[in-house]
Amino acid sequence: MAQDITGTALAANSVAQGAKPVIQVLFDWADDGFGNEGDWTDETTYLKSASGRSRAVGWGKSLAGIGVGVADDATLVFNNVEETGGNSGFRFSQTNSNGSLYASIGEGAARGKRAAVKLGYYNGATPQSVYMLKGYLESLQENYRDRQVTITLRDRAMAAALSKHATTLQENQTAAQYLTTIAALMDRDPPGAGEYSYDTGYVLLPYAWLEDEPIWKEMGLVAESQGGRIWFDHAGVLRFEDGTHFVRARADAWRNPLVSQFTFTTDDFQALNPHYNPEEVVNHVIVEYSPKYESYVQVVYTAAETFIVPPSGSITIRCEHRYPVASVATPVASTDFKAGTAGGTDLTGDITLTLTTKAIYTDVQIENANADYAAYIYKLQLRGYPVLSEQPIKYECEDATSIARHGRQTMRVANPYILSYRHAQNVGDLLLARFKDPPLLIELAGVPGVPYLEPGDRITVTETKTGINTAFFIGEIDWRFDPGGGGLIFKENIQAVRASDMYPHTDYFVLGTSEFGDADGRLFW
Amino acid sequence: MSDFVRLQAFTDGEILSKVPYSTLFDNDGYFHGLADAWNPVQNGVARGYLGTEESIVIYDGYHVLASDAQTLNYTIDLINTDAGHASTITLYYDYGGAGQVTVDSRNTTGTTTDTYDLSAFSAGFYRVYCVLTRAAGSTAYQAYGTCYPPYTTYTGAKSFAAASASADGTVGTAADHFNAWRANQLYFYDQLSSHPPFNSVRRGYNASESELVIWYGWIVHKFRRIRYRAWLRENAGGNVLTLYYDYGGANEYAFATLDTETEVETYADLPDATFAPGSAYLVAAVISRTDTGQDTDARLRYIMESPVAATAGYTSLGTLVAGQYVFGDTAGEGTRAELLTANQANLEGRLVRRDYAVRKASYSDTAESTWMYWMCHRHPLLYYRGQNLVLKYGNANDYVTLPDTDDGDNRYRIYDLRQVDGLIRGVHYHIEGTPEYAAEFKEVVT
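Residue numbers (this note's numbering), protein chains in the order written: chain R, 3 to 527; chain L, 951 to 1396.
Read the hints as simulated data drawn from the structure, not as lab findings. Using N, Cα and C, we set each Cβ at its ideal position, and we do this for glycine too. Some hints here could point you the wrong way.
Stated by the list, open to error - Partner residues are not named here, just some residues of chain R that face chain L (Cβ under 7 Å, in silico):
no.	residue
1	T43
2	Y278
3	Y298
4	L525
5	F526
What the hints assert, rightly or not - Simulated coverage check for chain R against chain L, where a stretch passes if three residues somewhere in it have a Cβ under 8 Å from a Cβ of chain L:
no.	stretch
6	213 to 219
7	242 to 251
8	280 to 290
9	392 to 399
As the list claims (entries may be wrong) - List time: in silico BS3-like cross-link candidates among lysine-lysine, alpha-carbon distance up to 30 Å:
no.	chain 1	residue 1	chain 2	residue 2
10	R	K396	R	K340
11	L	K1108	R	K396
12	L	K1172	L	K1108
13	R	K294	L	K1108
14	L	K1108	L	K1392
15	R	K493	R	K467
16	L	K1342	L	K1392
17	R	K22	R	K50
18	L	K1392	R	K294
19	R	K396	R	K467
20	L	K1108	L	K1342
21	R	K294	L	K1342
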C-alpha cells in the first residue's frame, strides 16, 4: 500500500519537470520515542547524500510481491563537521566527549537510536514529504580523512528482530490475535495505537507459542503460514497482510491494492528491462507439517537434581518442559515434590511452590518456611497438558509441463503453523501456481522518485516498444538522494512483477459483496 | 489435532479461501460419519433379591461429568410383590463422595423416568449407584428393581440455526451463511457424545431353570441394523441363545438365535418402521433349553446398532479447486453452497449428546474369570478406572497395559489412544482385567 498523500501535490510533483526534491533526516537523540518526531533533532543540514532500499523478502523469491516480509534500509552520509562554541571536535564522533552528541552516541550508544528519513518535493515554497524510512540507527562509521560519517538505518523490524521472548500456549488464535500478543512483547517500542494494522488471516492457529525466539522471525512464520507478509511500512506502521490482501479492495484508494498507485510511461524512466528469470521457477513444492493435539495431564518435567533451599529462603529454577504445555497442574505435596533435611527429616510441609508457566518452561519458586534447616528437594515433577505432534506429513504438488521445460525446481516449506492437510495444500498450491512459470519481471531504471510508493503497491507500466501495458506489483525500490551535478537528485530504480502472474483472476469471492452464482466470485487458494 | 478443524469467524469483506471453505465441507463430512457410527447397547440391570438380604445393588458404575452436559437422565423401575412390605429403589450420584445426592427413589410399583440437574457438580468423575432395600422384617418378600443406564444430555448454550438460502444470485454474507455454517459445526461438535463400551458377558444357568436372561441392556433407538458377536458353548438339550430387541415389549423381536456350538459375528436388521427413533428399548440375551439337565453358557462380545445404509439426504462434495466459482461453475457444482445448508439440516438431530454412565464390568453377572469392556474405537482419549487392565486389539501381540487406578489422586486415569500404533478409528478392542469404567472422549473433559 502506498502512503496517504491526501492534501499534497506529491503525485504531480513526482513527475513534474523541475520539481525540487526535499529531504529531512531526523534522529531521536533524546529518546523522545516514536510519535514525537517533532521533538527529534533535524540533522539534514549535515547530510551529503542518502540512499536506501525497500525490498520484499522471504520464500526465496526476491520479487514475489508477497513473502515473509519487507526490509527497509538506508545509508546516510554526513559531513562530520567540527563544532564550535561550547563544543569542539567532530559532531558525530563517538569518542569526542566535547561533542554535542556525545551523550547520545558516545561509547557505542549510537546503535539503536531512533531515526527517520522523509523525502518529497517542494510545492512552490512549501516542502511536502512522506517517510521513506522510520526505524533505528544500525551503524555509525566515521571517516577521519574525508571528515564524514556514514550512518545506516534499519526499519523498525530491527527491534522485533532483537527481541526474544516466550509465551504461554495460545490456542485457536487468529493470526492477527497472535501477532498482537507477540508484538506487545517487543523489548523496545512495541507498536501502539495507530502503529499496527493486521489482516485477520484466513487459517486459524490451533496452537502457537514463542520459545525464546526472535519475535520478528516468529512474525515471519505466521505471515508465511497465511500466504502473506509482515512488514513495517515506510511510516513505521507494522502491517500484516495475508495472502488475499492484494486482491481485496479497500475503501481508501491509497491503500487499495486493486488501484494503481502510479502509472509509469516512457517519459518517466530511463530504461525498462523486462525479463523472465528462470531462477524464479518453482515447479515442485513440498510442504512439511506435523499435526498437533493436546493430550491429557501427564508428567512434563522431572528434576534430575536435588535442589537445596536455605532456611527461610527461596530459590527459583527454570523447568524446561518435555513438550509445550497448555497448562501445568498445581503441584501436589508428596506426589509432585518432596523435601527433607540432609538428615532425612521430612520438610515437605514447609515448602511452597509458586509457578510461572510458559508453553515451554515453568519458573518454579521454591520457598522453605523452615527457619532451622535447609530443605533438600528430593523430588520435583510438574504435570501438565502437553501439545504433542503426530508423525510429520508431506504435501507435495508439482507441474509436469514446467518440470519438462525447466527441470525439477523444488521448494520446501516447513512452517510450524501449518498443521493440517488443507492448510498445507493452500500454501503448496499457491506457490506452485505462482512460480511454475517464471513471472514477468521488470526493472524500471532512473525513474523520478515517487516517495509514497512502497513494495507491494500496484503500479501501471505503459511502453510501446516492449508492448507492456499492464499492472505490476512493486517488489523492490532503490532510491538515492544526492546533490548531483546540476542540482538535487531524487531518483529510484523499481523492480516489479506482473500482477496477473501473482493472481490470475480479479473476481475472487468477497463475503458480503459477491453473489452465489455461476459467474461471480472465485475461490481463492 | 482433532479431525474436526475449528475455523475462525468469517467477516464481510474477506476473500473466501479454499481452506475454510473446504473445511466447512470436511467438518460436515466428519459429523456425517460420526452420526452413522456404531453405538453399543448399554448395560443395565433388572434384578430381585437373591436371598434374605436387606439390600442388593442394582447398578454400580461411574460417570464422567462434563460442564456442558449436566442434565442426568435416568429411569428406575420397581416391582413390589407385596405392597405391605415395602422395598425402595434409590439412585445416587457421587455415591460415597463428598457431594453425594439422592437423585430419586420410589417404593411403589412403577417406573420413574426423569431428569436431575447436576449443575451443582463440577466437571469430574463420579460414582453412580442404585440400590434396592427393604426393612429387616421384610426379607421374605421379593421385589425387583431396574435401573436403565443413566446418561447426561447437553446443557450448553449452542443451538442449531439453519443458514439463509444461498440460491443463485444471493449475496453470500458472513452472518447469514458462513458464520451460520460455522456456528452449526461448533454446535454439532458439542453434540458428540462420549463413547461408552459394551459390557461383555459370559454366563450360564443358575440352577435348573429352563431359561435365563444373561444380559440386559437398553438403547435409545436410532438404527435398524444390529451388529453382534455371540457364542454358545453347548447346544445339547435344546440349548439356544436368543437375542431380543424390545424384550417383553409390544414389538418384541428376536433378531438372533444361536442353536449351534459356534461363535458368530454378524448383523440382523430390525423390521422397518416398527421402532421409534429416540425411544428406549430393552435388549436382552436369553439362554433357554428343553432339557433342564443340560447345562450351557453363552458369551456376548458386543451388540451395537448401525445404519442399514448411509443415512439418506446427505450429499458429499467433490474436491474444490482454487479459481472455481464458489457457487459452482461446472456441472454438479452449481449448488455447492446450498449443499452446506442442506447437509447441515440433514445432520441436525442425528447427533444427540448422551454421556453415559458405565457399569462396572466386575459387577456384570458373569461366570467368566476375565470381565471386559468391548469398544469400537472412535475418540482419542480413554478415561478408565480399574486394576490389572490390558487393552487388546488386533492380533495377540497388539496390547497395551494400562496403569492401575486407586481411590486417591488417581481415581481414574486417561490414556491417549493416539499413542497406540495401529489402533485406528473403527478398530475393535477390549479391556480385560477388573475394569470399573471406560469411555472414549473427543477431548479432555472440562
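For each hint, the structure was consulted:
| no. | hint | verdict |
| --- | --- | --- |
| 1 | T43 | violated, 42 Å |
| 2 | Y278 | violated, 23 Å |
| 3 | Y298 | holds, 4 Å |
| 4 | L525 | holds, 5 Å |
| 5 | F526 | holds, 5 Å |
| 6 | 213 to 219 | violated (count 0) |
| 7 | 242 to 251 | holds (count 4) |
| 8 | 280 to 290 | violated (count 0) |
| 9 | 392 to 399 | violated (count 1) |
| 10 | R/K396 x R/K340 | violated, 45 Å |
| 11 | L/K1108 x R/K396 | violated, 36 Å |
| 12 | L/K1172 x L/K1108 | holds, 23 Å |
| 13 | R/K294 x L/K1108 | holds, 26 Å |
| 14 | L/K1108 x L/K1392 | holds, 18 Å |
| 15 | R/K493 x R/K467 | holds, 23 Å |
| 16 | L/K1342 x L/K1392 | holds, 21 Å |
| 17 | R/K22 x R/K50 | holds, 17 Å |
| 18 | L/K1392 x R/K294 | holds, 14 Å |
| 19 | R/K396 x R/K467 | violated, 46 Å |
| 20 | L/K1108 x L/K1342 | violated, 37 Å |
| 21 | R/K294 x L/K1342 | holds, 26 Å |
Going down the numbered hints, you'll see the structure goes against 1, 2, 6, 8, 9, 10, 11, 19, 20, while the others check out.
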